[in-house]
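With chain A fixed as given, assemble chain B onto it according to the hints.
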Amino acid sequence: MPVPPFESGGDLPEGLHQADLTEFFMRFGRGTAQRERVAMQLRQAFELVRPLQIVARVVVWGSFVTAKPAPADADILWVTRPTFDRSQLPVQVEVLFDPVVAKRLYGIDVLSIPEDSAYLATLLDGLSVTRAFTKRGLVEVTL
Amino acid sequence: MIQNDTEFQATQYRLAQIEKVVCGLRHELSPRAFADCIQGYILEIQRMREEIDEYLLRPLKVSPSVTDEAT
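Here the protein sequences come in this chain order: A and B. Quick note: the first sequence uses our numbering, first residue 265, plus one each step. Quick note: the second sequence uses our numbering, first residue 939, plus one each step.
Hints were generated in silico from the structure; no laboratory data involved. Certain hints may be false.
Claimed, not checked - BS3-like cross-link-like pairs, simulated, lysine-lysine; straight-line CA separation at most 30 Å:
no.: 1; chain 1: A; residue 1: K399; chain 2: B; residue 2: K958
no.: 2; chain 1: A; residue 1: K332; chain 2: A; residue 2: K399
no.: 3; chain 1: A; residue 1: K367; chain 2: A; residue 2: K399
no.: 4; chain 1: A; residue 1: K367; chain 2: A; residue 2: K332
no.: 5; chain 1: B; residue 1: K958; chain 2: A; residue 2: K367
Isolated chain A, as found in the complex (with noise of 0.2 Å):
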């Protein structure tokens, strides 16, 4: 089922959209020069992370998943495998998980849980309140 459009205030609709990478980059990251900029960010991100296995999927939230059209960056969500080391990884890779680095590096906001973790809901339940304390959607992305 594709990302459904955005409402009348820009935010999708409540739940947890499901998206490839494809069909991600195609909906959220065209449109102007600083959302593209700030796409390519995140494309790399993914794309250093997804041969290890460490993550099962990846949330997107906050302004990169509405209709506003120059995002000034992404927020996301690593959701972890079990056997997820941050010791273990290459440094290249390490730095995705470091929330200082990963913003001046990248120019991304990151959280993680492990996807065991039974707060997870909690999680995404607080990431979906907007500052009008509505619900908007978040956007799972499948790596």
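Chain B in isolation, oriented as in the chain A frame:
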């Protein structure tokens, strides 16, 4: 920046949810794994707390009738 009480309540709610997650992860994860993943949450919590503090400390606009009563 929080502009009104609705945005304030939304930020409070989001903060509470993320704090619950951090508290839960403390119990679920090994100390090392917890340390490895906590920094992003702490930054997010700090950012929201700063926004809340800034909003709460911002003076309310005083309506003319209140000013009249005070003088």
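The hints, checked one at a time:
no.: 1; hint: A:K399 - B:K958; in the structure: holds, 19 Å
no.: 2; hint: A:K332 - A:K399; in the structure: holds, 17 Å
no.: 3; hint: A:K367 - A:K399; in the structure: holds, 25 Å
no.: 4; hint: A:K367 - A:K332; in the structure: holds, 20 Å
no.: 5; hint: B:K958 - A:K367; in the structure: holds, 24 Å
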